[in-house]
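**Student:** Residue numbers (this note's numbering), protein chains in the order written: chain L, 1 to 167; chain F, 1001 to 1415.
In short, the hints are calculated from the structure, not lab data. Please note that a few of the clues may not be correct.
Below, in silico cross-link-like pairs of lysine to any residue (SDA-like), each with a Cα-Cα straight-line distance of 20 Å or less [to be verified]:
| id | chain 1 | residue 1 | chain 2 | residue 2 |
| --- | --- | --- | --- | --- |
| 1 | L | K125 | F | G1200 |
| 2 | L | K125 | F | A1146 |
| 3 | L | K8 | F | K1403 |
| 4 | F | K1403 | F | P1038 |
| 5 | L | K125 | F | P1038 |
| 6 | F | K1303 | F | D1332 |
| 7 | L | K8 | F | A1146 |
| 8 | F | K1403 | L | A105 |
Away from chain F, derived, C-beta distances all over 10 Å, residues of chain L [stated by the list, open to error]:
| id | residue |
| --- | --- |
| 9 | V47 |
| 10 | G48 |
| 11 | T106 |
| 12 | E136 |
| 13 | A152 |
Some chain L residues close to chain F (C-beta under 7 Å, calculated; not the full set) [said to hold, decoys possible]:
| id | residue |
| --- | --- |
| 14 | I40 |
| 15 | V45 |
| 16 | Q50 |
| 17 | P85 |
| 18 | G95 |
| 19 | T99 |
| 20 | A116 |
| 21 | W157 |
Note that beta-carbon positions come from the ideal geometry of N, C-alpha and C, so glycine has one too.
Listed below are the residues making up each chain.
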Amino acid sequence: MRTTTHWKRGAVIVGGLAILLITAACIGFWNTPAPIGQVIVGDVVVVGTQGTVLIAVADMPGGGLASIQFGDADDPAIVMTNIDPATVQVEGRNGFVITAENFDATGGSLIALNMAAVERNEILKFTFRVGPGTPEFDVDASKVTLGSDGEAPIALWDLSTPTYYGR
Amino acid sequence: MNVRILGTAVALIGILSLCLLAQGSFTADLGFEVTFDPNGPFIADMGTTFELGYAAGPVQWASYSDCRLTVGYLWQEFRMDVDLDAFAVHGDILFGPSTADYLYAQVIAEMTFLGVDVGFYWAQLGDAVLGGPADGSALRIAARFAGLEVVSTTEIGARIEGDGFAGIDIVHASTGLYRHYETNPRAAGQGFTGEKLRIGGFGFGCIGNVDATLYFTCQGFDFLSFEVDEVTFGIPWLNLGLELTYELQTKSLAMTPTFVVGDELICFRPHFAVRLGTTSWAIEGFELGALEVGCSWNGITIKDLTVLDTGRFVITAEDDGSTIETLDDAIDRGHDFYVQYRELLSIEITFDGCCGSTDRILLNTYFADTSVLFDWAMSYLEMRAGVSSDIAFSLAMTVMPGKIDAVELGFTLHW
Chain L
1 MRTTTHWKRG AVIVGGLAIL LITAACIGFW NTPAPIGQVI VGDVVVVGTQ GTVLIAVADM
61 PGGGLASIQF GDADDPAIVM TNIDPATVQV EGRNGFVITA ENFDATGGSL IALNMAAVER
121 NEILKFTFRV GPGTPEFDVD ASKVTLGSDG EAPIALWDLS TPTYYGR
Chain F
1001 MNVRILGTAV ALIGILSLCL LAQGSFTADL GFEVTFDPNG PFIADMGTTF ELGYAAGPVQ
1061 WASYSDCRLT VGYLWQEFRM DVDLDAFAVH GDILFGPSTA DYLYAQVIAE MTFLGVDVGF
1121 YWAQLGDAVL GGPADGSALR IAARFAGLEV VSTTEIGARI EGDGFAGIDI VHASTGLYRH
1181 YETNPRAAGQ GFTGEKLRIG GFGFGCIGNV DATLYFTCQG FDFLSFEVDE VTFGIPWLNL
1241 GLELTYELQT KSLAMTPTFV VGDELICFRP HFAVRLGTTS WAIEGFELGA LEVGCSWNGI
1301 TIKDLTVLDT GRFVITAEDD GSTIETLDDA IDRGHDFYVQ YRELLSIEIT FDGCCGSTDR
1361 ILLNTYFADT SVLFDWAMSY LEMRAGVSSD IAFSLAMTVM PGKIDAVELG FTLHW
């Protein structure tokens, strides 16, 4: 009998705390600013003469990233140094499908779409043959366009090149 | 600063290990793997992992190191476990030795008191990780009474794995390699960030087990879901699972009947997508999106997965169980999956090998819309054979039409 009373008292306390926190949350008591979306460009990993670059995203708003465009053929967003553009191969990750791509001496451009949306994960993998010298793979953020799951452009985001990220 | 922390941690582990050498027991596991890519550089990667464990009474320490040819000394992790029956503590700390960065730490303390399970979770993300610096904690209280299970999770800047949440991966951006942990710190210095209340274990009529989960964040209502494990119809071989989720602007219903024949010998599971009315709760139709057929007998498992709605369902990769999930679920759970294949035929054989080892052969064959016979698209072969209970060799190979895509050889040694 005494144990049952303990249970009931415990349940009432837990339930009361939950209601208190939920009510406070509903009135926005603990509102914090949403993090800014990140497009993450990994370092070039070279084995022999083959290089690899991974691109990932984190904290994408609006339900996640559903489309990404890296410039266009006349105004590419990807700048490559000591990388043979003719050997570049792009693979979509986590549901992303490449719908258009162009890599030549002036740089690289592509469009990738996803039927679902990705808030944080890898989205693209590039493999290529590297030339003599240190290969560099840079992205001009001003030429990159992002679209959210809600079919709205994502305006607030940063381009970053960290060694590690959390997902 | 980071070098000092790493150095101090290594020294402490070393000193503690030496002090306790006389009375505890050591274990060690060494793993080595080399990946060949016939289409690119001959050796695509080489990796070695070394795990050293020490146990003394209720306390266990472990050190895990991972080195790669492509990026060098990738991970150094230390773990500690203390198990005193009603009270247990688990701790992890992770470093990125190649950059001498402190990356992540977590402590989980759990105790059982008068039948109530209380868990305190704390985690911190270093500033070398994008998303950090961040820290936070969570308090999980679970109690069972009158057949009900009530679980309250109060998030104070951290989210913990389970009940639909996925924990955290610390990812090395250049390679995609990662370490996984339970406690996900959300941001630095936050107060209350969320409350999840789950009530499970109740049922009525032919409905066996219902789980109801309500989740609020500091932004307000997030979701309410009802998950039904088993709706029985008095037919022993038919079981129906349902999941109904309300979010702020959407509602969804998933239905997965399971047909089990011959004491779980053959299992047949169709995945239905339920089309709901946009303005009412009317069900407009059911769409058969995928099919799973499995058969297990005497160490042999044969499985056939067919995706009919390739925009909605996917086949997960071998490391994530080779199963069917919705595209949204696979992404949310961080699972790797094949979006390009629509069918998998899998055979797995496990058997007692030489000298006390358990050997395994797995052959997965994928099909897609190709011009090859039977629409064959890719085959994955994995074999593991032990030469003793402590030494095992492994082979993994990926073959596509016209080429061998990758070959991976490895061995593990335990002593």
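**Student:** Would you mind marking each hint as holding or not holding in the structure?
**Tutor:** Checked hints:
no.	hint	in the structure
1	L:K125 to F:G1200	violated (42 Å)
2	L:K125 to F:A1146	violated (53 Å)
3	L:K8 to F:K1403	violated (66 Å)
4	F:K1403 to F:P1038	holds (8 Å)
5	L:K125 to F:P1038	holds (19 Å)
6	F:K1303 to F:D1332	violated (25 Å)
7	L:K8 to F:A1146	holds (11 Å)
8	F:K1403 to L:A105	violated (29 Å)
9	V47	violated (5 Å)
10	G48	violated (3 Å)
11	T106	holds (25 Å)
12	E136	holds (13 Å)
13	A152	holds (14 Å)
14	I40	holds (6 Å)
15	V45	holds (5 Å)
16	Q50	holds (4 Å)
17	P85	violated (17 Å)
18	G95	holds (5 Å)
19	T99	violated (14 Å)
20	A116	holds (4 Å)
21	W157	violated (13 Å)
The structure fails to meet hints 1, 2, 3, 6, 8, 9, 10, 17, 19 and 21 from the earlier list, while all remaining hints are met.
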